[in-house]
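Q: Next come the chains, spelled out residue by residue.
4 protein chains.
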Amino acid sequence: MGRRKSRFLRKPVEPFAVAPNLSADDVVSRMERVSFQGRNLGTARRIWEKMIASDATIFLGTAGALSAGGMRLILAHLIERRYVDCLVSTGANLYHDLHETRGRRHFIGSPTLDDAALAAERIDRVYDTLASEDEFCKNDEWIASFVLKLERRPYTSRELLYKLGEQLWNDTGNNGILTAAYRANVPIFCPAIADSSIGMGLSQARHRDQTAGFVDVIGDVIESANVVIRRPSTATIVLGGGTPKNFINQASVQAEFFDDRVGGHKFAIQVVTDVPHYGGASGSSLEEAQSWGKLSIESEKVTVHGDVTLVLPMLVSALESTAGDALEKRKRPEFDPSGRVLVMNGQALADNRFQES
Amino acid sequence: MGRRKSRFLRKPVEPFAVAPNLSADDVVSRMERVSFQGRNLGTARRIWEKMIASDATIFLGTAGALSAGGMRLILAHLIERRYVDCLVSTGANLYHDLHETRGRRHFIGSPTLDDAALAAERIDRVYDTLASEDEFCKNDEWIASFVLKLERRPYTSRELLYKLGEQLWNDTGNNGILTAAYRANVPIFCPAIADSSIGMGLSQARHRDQTAGFVDVIGDVIESANVVIRRPSTATIVLGGGTPKNFINQASVQAEFFDDRVGGHKFAIQVVTDVPHYGGASGSSLEEAQSWGKLSIESEKVTVHGDVTLVLPMLVSALESTAGDALEKRKRPEFDPSGRVLVMNGQALADNRFQES
Amino acid sequence: MGRRKSRFLRKPVEPFAVAPNLSADDVVSRMERVSFQGRNLGTARRIWEKMIASDATIFLGTAGALSAGGMRLILAHLIERRYVDCLVSTGANLYHDLHETRGRRHFIGSPTLDDAALAAERIDRVYDTLASEDEFCKNDEWIASFVLKLERRPYTSRELLYKLGEQLWNDTGNNGILTAAYRANVPIFCPAIADSSIGMGLSQARHRDQTAGFVDVIGDVIESANVVIRRPSTATIVLGGGTPKNFINQASVQAEFFDDRVGGHKFAIQVVTDVPHYGGASGSSLEEAQSWGKLSIESEKVTVHGDVTLVLPMLVSALESTAGDALEKRKRPEFDPSGRVLVMNGQALADNRFQES
Amino acid sequence: MGRRKSRFLRKPVEPFAVAPNLSADDVVSRMERVSFQGRNLGTARRIWEKMIASDATIFLGTAGALSAGGMRLILAHLIERRYVDCLVSTGANLYHDLHETRGRRHFIGSPTLDDAALAAERIDRVYDTLASEDEFCKNDEWIASFVLKLERRPYTSRELLYKLGEQLWNDTGNNGILTAAYRANVPIFCPAIADSSIGMGLSQARHRDQTAGFVDVIGDVIESANVVIRRPSTATIVLGGGTPKNFINQASVQAEFFDDRVGGHKFAIQVVTDVPHYGGASGSSLEEAQSWGKLSIESEKVTVHGDVTLVLPMLVSALESTAGDALEKRKRPEFDPSGRVLVMNGQALADNRFQES
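Residue numbers (numbering that gives the first Met the number 0), protein chains in the order written: chain A, 0 to 356; chain B, 0 to 356; chain C, 0 to 356; chain D, 0 to 356.
Note that these hints are calculated values from the structure, not bench results. Careful: at least some of the hints might be erroneous.
[As the list claims (entries may be wrong)] No more than 35 Å apart at the CA atoms, straight line, and that leaves these computed lysine-lysine pairs for DSBU-like:
1. C:162 - B:10
2. B:137 - B:162
3. A:4 - D:162
4. A:49 - A:328
5. B:10 - A:162
In isolation and in its complexed conformation, chain A is listed as follows (with noise of 0.2 Å):
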């Protein structure tokens, strides 16, 4: 073998090398170069750090029982300390903040449970997760209430959710996802509110007054285009799949569309359990995302595949060694998501036309 090495031959897998008393930085910088998903773990953090480091806008998706399985205060934190900007939502994430926000509990259970039993008792089963349907229908009940006291008229979903904010926190004081982004200011969209819980909600205040309870789900689709057009340079990152994922992108085309400045998110991770060969959106490559234009040609990108509950902690509490100094220095957007407009960087967003460059 005299003969010169392959340009595809450069740079070797190094073998992780077990030592005591690792950091989750430790661990997750020797996943860099290893192979497989673990790799792609190693690689989210770095792509993650330069997003951070880049002037873009970063969207977060959740989907998949992420707060009821332990990660919400791990969401609220990533909203907190503005490792992201703006979150889209499936509805269950933010209901099951909501529970345990106001106090209540999620309970460790089992797969193999008797479900008739469970039934019997009224507790609900998420795969090896319980709960009480009984305090599930407080729930409900708060939310109706809260929504009655809401003045009649179309909420956007991002509206909605920041009032929902508001009320839990000055009701409970409490650490969350929703309170935290009304806190921070950081906007959330739950474009399939209706196939939720509050949904569920928002159902029953208008059961009790028939001009309560109307979401305008349309302005959010020309919100979250605005939030691009209006600063073009954005990143991804997926947790799930689900009505976030297409969501995220869809602002993007649907911006670009308006403002030929727009040209794909700039940074992208996923990390998903579907695969992409069945053909549905959540499971879908990266790549292919390109073809649409949802992502740059140019972009940075992986995709993590595995459980978010496997994935997350140790990446976020890796990036949390590391990402600090950048997060003090991020040129980050501003947002003021209380009014019936969403303002950012101190300009009002339209939420009835895209804003055409």
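Assemble the complex: chain A is given as a structure, and chains B, C and D must be docked to it using the hints.
A: Below, chains B, C and D without anything else, positioned relative to chain A:
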């Protein structure tokens, strides 16, 4: 082994016997006695037959790229022949249906195509399937124009999609999901309509006229629950998971809250590729659904773990061969989804309050 | 859009059209023009037809609980009708085949049965399928007795399994994988025979007579490569991955080392549920196999991501309807696997040296 | 809700709290109280600690591309520090370990590289990892030369791999799986050795001398069962499934046949990506294993559904921080794997008959 056979060992697996010129019905019938997902496919056909023979209102939920992937005329057939009574869909499936009903096509591609080259030609990829982005933009305009013709008021997605199907049928006379549902008076709910190109079309209507494009998704929550309250025997067929899966279950749970004759769906079939052990709703087991009361403890149910494009053609082809008589005799609900208020079996269903018993 | 259609957008997806009384052939033919795994199933049938029409030696690899799961008579049919020429299998598939050929059965169960109750009754569960452990113990004894009748010398798994099939056929006259292969002179390799109940039966023979039960698995490595060297045009069909997938590829790679006419398999079909992104061989892509020279760069190939019990009945039923003539005209290799040395097309293949060209 | 809390709702989920400079131990400890696979990772560490504190013989099974993927020094560490007592591996993991121990490397690549270009440069791809085929050929020659130095007689894979480790250590003095096992006197079984490049190396030795390269894999079956019979308290840790998973279970089942003190493994951890519902052994549940008696009904057990490269670095880093004392005090078995007959705690274990009690 003179001892008596265990009660567990009563019904043997029958090895599948190949024969010339088997029909789809033959194949699926023989699969009932094999194991694993083959057996589950056979069982799914039998449970669907039982749904039809019962008095249940049959909900069909569709997520994933089914229309782009060549499944839309199967869904149209299920609607037209009333194998199902009410559709809950992602926006994407309806949008890609509209694309083809308007005479455009999706194309055979490959997952290994160069996405930069596709982007350069404005071609969008869905795994191994391609479409023209310029044609998609024309669809968006068509939808916006349609929306601008409507009276200015909020519409449930159900009413809006009825009118969209009507317009499509009048314009094209072509078969598809939306036009079949229009003609068969099958209501379609789309709880996450904002997260789709239909939502983008609605937002473009709003862009042109700020009084247009209001969708009342909370009205959908109430209407769908009232469909269950009016006729508490229900069945669910879910293809792909996503928001439709949860929305159909939510209708049952919400209905039970107001009417204790409701006790969860009586039959359930799901064809999914997600798995339960990551905690997400798409992959959640039908047993877990029983703890919540989404399904009756006595329900007949089966999960087929497989790609819908692999399972549905065989399943429906087999069903078509054996369900004919039962379809004729079905005690099915009749809807009039044309108005502001949904009519079921001649009676209006409220969209602003739950029909308490 | 006056501009010319892209070269990428030539062949449209054809929505699957349901019709009464479709045959398996009709269904699979229509699936060729849909997307995702449905299309891949349709493509698999066409590639298998091309294998048959070519001069390729067709290897079939079988892993997973195919025999317990009701697939064994399909495999027997493929062997008997010579849709394939050489089988590479896990031991478990051969063992569960032997169980049924000896007149025992596997039984329909459920994945939610109580495993403690099953253990108490000595019933073994394979997901939703059950069998009697006492009957399994009788099989092990039967195998040990068979082994003790053999001349004391090492046997390749290929020779041993031929003799096992012969004994089974003489004892029972029943159809199955082992007996069909015996009668059709199709060699069976079982590289991981030690990891199965056949290996346990062999070990029990050794327990009774320490000169018994020697399997020469390295002889299998050489023989399988020589099958490729003798006739360098080859094809591979893999059901489920595992050791058979790799062993078939290894035969090609090893053969090429000694004979540069060998250039990788010319055709490849795999039906797998594992995915590529965890790096394991079972889920590895057919593209990756090309980098190793396991497959020719020009090979025709398809992966169907799905459960074999879902895919194989439909695939073989469709193939049976269309491949008849081609099967008659096949230029297939003829084996005599009865002796110490495998004979192929009348010439002995060495088991102790590679047949250099 | 004045009523008493359900017995099901006792132990709340504790949301993971991010903090600066968490250690791997901190992260994994906090994961014990979240849900889904994160919790299972936390539980796996605790069960491994209990294995170490017990008197169990700990089997470790390794499948998948662990060595190519950067996990080999973790496995070497587990062996050297005697977190485990006996390794069962695929041949590939040992071969890729030998490659690096001999001073060669695997390289960082990408799953989207052009496989034709790689093939042209004789570079082999394992998902996102690359290696030189010419270097692999040199390994095969090295193995063949090693084999030709051995006395001409059948070797169990256990004896052969001990001698291979010895030779490697003498040649290189480098750390790795094979050399660590040699130095720590940890036996390695490789039941599917024929299905790997080690098998190819053995076959090339046979090619040069037809009396060389005989592996007695049935002897391995007997020896491994005798390891259980001699010391019936056992534990199993499976990384990736495959033949090692089944072989470790088979040892227990076979042992129980001859000695009814054996009652299945007392502890079980598996880290797998396969799922149960396709019926294959790799994905089979630990509950199912109880029906067979592979695991004791009272065993402590956990499945972590995730990629080994994602799970193992974190799991072992955390374990390393907390298991030190227990490792010192371990009541572990001592082996001498250097000879024709395996010696355990000073007594020879037969390789030609089961040690009946």
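Q: Determine for every hint whether it applies to the structure shown.
A: Okay, the hints, checked on the actual structure:
1. Distance restraint check for residue 162 of chain C and residue 10 of chain B: the Cα-Cα separation of roughly 32 Å lies within the 35 Å cut-off, and the hinted pair is therefore satisfied.
2. Restraint check: the Cα-Cα separation between residue 137 of chain B and residue 162 of chain B comes to about 19 Å, which is no more than 35 Å; the hinted pair holds.
3. For the hint pairing residue 4 of chain A with residue 162 of chain D, the CA-to-CA distance comes to about 32 Å; that is within 35 Å, so the pair holds.
4. A distance of roughly 12 Å separates the Cα atoms of residue 49 of chain A and residue 328 of chain A; the hinted pair therefore holds under the 35 Å criterion.
5. Only pairs whose Cα atoms come within 35 Å are accepted, and residue 10 of chain B paired with residue 162 of chain A is rejected, the gap being roughly 59 Å.
In this structure, the one hint that does not hold is number 5.
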